[in-house]
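Reading the sequence shown from the start, the letters are residues 1 to 177 in this note's numbering.
These are computed hints drawn from the structure, not numbers from a lab. One should not assume that every hint holds.
[Unchecked claim] Simulated DEER-style distance windows between Cβ atoms:
1. PHE2 - GLY26: 28 to 38 Å
2. ALA136 - LYS102: 17 to 27 Å
3. GLU33 - GLY160: 28 to 38 Å
[Claimed, not checked] Distance condition first, Cα-Cα at most 30 Å in a straight line; then the derived DSS-like pairs of lysine-lysine:
4. LYS78 - LYS102
5. LYS78 - LYS93
6. LYS67 - LYS143
7. LYS95 - LYS67
8. LYS140 - LYS4
9. LYS78 - LYS4
10. LYS125 - LYS95
11. LYS125 - LYS113
12. LYS125 - LYS4
13. LYS154 - LYS68
14. LYS93 - LYS76
15. LYS76 - LYS113
16. LYS68 - LYS140
17. LYS20 - LYS82
18. LYS147 - LYS20
Only a predicted model underlies this, so the values are computations on that prediction, with no experimental measurement involved. Cβ coordinates follow ideal geometry from the N, Cα and C atoms, glycine included.
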Amino acid sequence: MFDKIDYLLFGSEIQINAYKAISNLGIMDNLSEYNPTLCGTYPLGINIVGSDLDIIMNVYDFPIYEKKVEALYGQKEKFYLKRLTIREVPIVKVKLIFEGFKFELFAQPQPTKEQYAYLHMIIEKSILEQYPYIRAEVTKLKKEGFKTEPAFCKVLGIEGEDPYESLLHYGRGMGYI
């Protein structure tokens with residue numbers, strides 16, 4: 001379902017506008033060799049004011065990727081590019097603003113469907129389908145400052161030091177992934 005972003009056209013007004021911004025920016029076409037995949041709150045319809053459009057990518061050659069991204073988007077509002085290491089995996093994170101939307105491009109040397117952001121989204125989609133009544137509580141917690149995964153863990157009573165790992169463990173245990 002999440003391979004293309006066309007599903008946004010059948011969503012809320014903000015999802016339709018997100019689709020237009022992503023399309024106008026050209027990320028899905030311009031960076032297609034990296035399998036860009038929209039993840040996070042917009043696909044699930046639990047975005048709040050200030051939510052990013054999170055686009056993950058599978059990138060192995062960071063210098064080539066960085067040059068391409070800078071050439072394409074370096075002039076965009078609040079463009080920011082940084083290399084990081086998260087859970088011992090090298091990452092390139094790019095942030096920018098376009099057509100009123102905050103974008104976060106998240107590149108790592110791992111297939112997109114194996115990345116945490118994608119797995120979390122699949123788990124969260126399954127949870128929302130199984131327990132649709134928690135959508136309002138998750139959204140409320142997000143408005144109070146919770147990140148998405150910690151909000152789901154709190155609502156579901158999932159414990160653990162790292163909510164990102166705890167949600168994956170829960171999703172695997174429930175057979176969602």
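Structure-based check of all given hints:
Our hint of 28 to 38 Å for PHE2 and GLY26 is violated, since their Cβ atoms are close to 19 Å apart. The supplied range of 17 to 27 Å is met by ALA136 and LYS102, whose beta-carbon atoms lie about 24 Å from each other. A hinted range of 28 to 38 Å holds for the C-beta pair GLU33 and GLY160, which are about 36 Å apart. For the given pair, LYS78 sits about 9 Å from LYS102 by alpha-carbon distance, which is consistent with the 30 Å threshold.
Annotation: proposed proximity of LYS78 to LYS93 holds, straight-line Cα distance about 13 Å (limit 30 Å). Of the supplied pair hints, the one linking LYS67 and LYS143 is violated, its CA atoms being roughly 36 Å apart against a limit of 30 Å. For the proposed pair LYS95 and LYS67, the alpha carbon gap of about 15 Å is at most 30 Å, so the pair holds. At roughly 28 Å between alpha-carbon atoms, LYS140 and LYS4 fall within 30 Å of each other, so this suggested pair holds.
Among the hinted pairs, LYS78 with LYS4 is consistent with the structure: their alpha-carbon atoms are about 26 Å apart, no more than 30 Å. In summary, the hint linking LYS125 to LYS95 is supported, as the alpha carbons are separated by about 25 Å, within the 30 Å threshold. Among the hinted pairs, LYS125 with LYS113 is consistent with the structure: their alpha-carbon atoms are about 14 Å apart, no more than 30 Å. Using a Cα cut-off of 30 Å, the hinted pair LYS125 and LYS4 holds, with the two alpha carbons roughly 16 Å apart.
Restraint check for LYS154 and LYS68: not satisfied, since their Cα atoms lie roughly 40 Å apart, outside the 30 Å limit. For the proposed pair LYS93 and LYS76, the alpha carbon gap of about 15 Å is at most 30 Å, so the pair holds. Between the alpha carbons of LYS76 and LYS113 the distance comes to roughly 28 Å, so the proposed pair stays at or under 30 Å and holds. Restraint check for LYS68 and LYS140: the C-alpha separation of about 38 Å exceeds 30 Å, so the hint is violated.
Pair hint LYS20 plus LYS82 holds up; C-alpha atoms about 26 Å apart against a cutoff of 30 Å. Between the alpha carbons of LYS147 and LYS20 the distance comes to roughly 25 Å, so the proposed pair stays at or under 30 Å and holds.
In this structure, the hints that do not hold are numbers 1, 6, 13, 16, in rising order.
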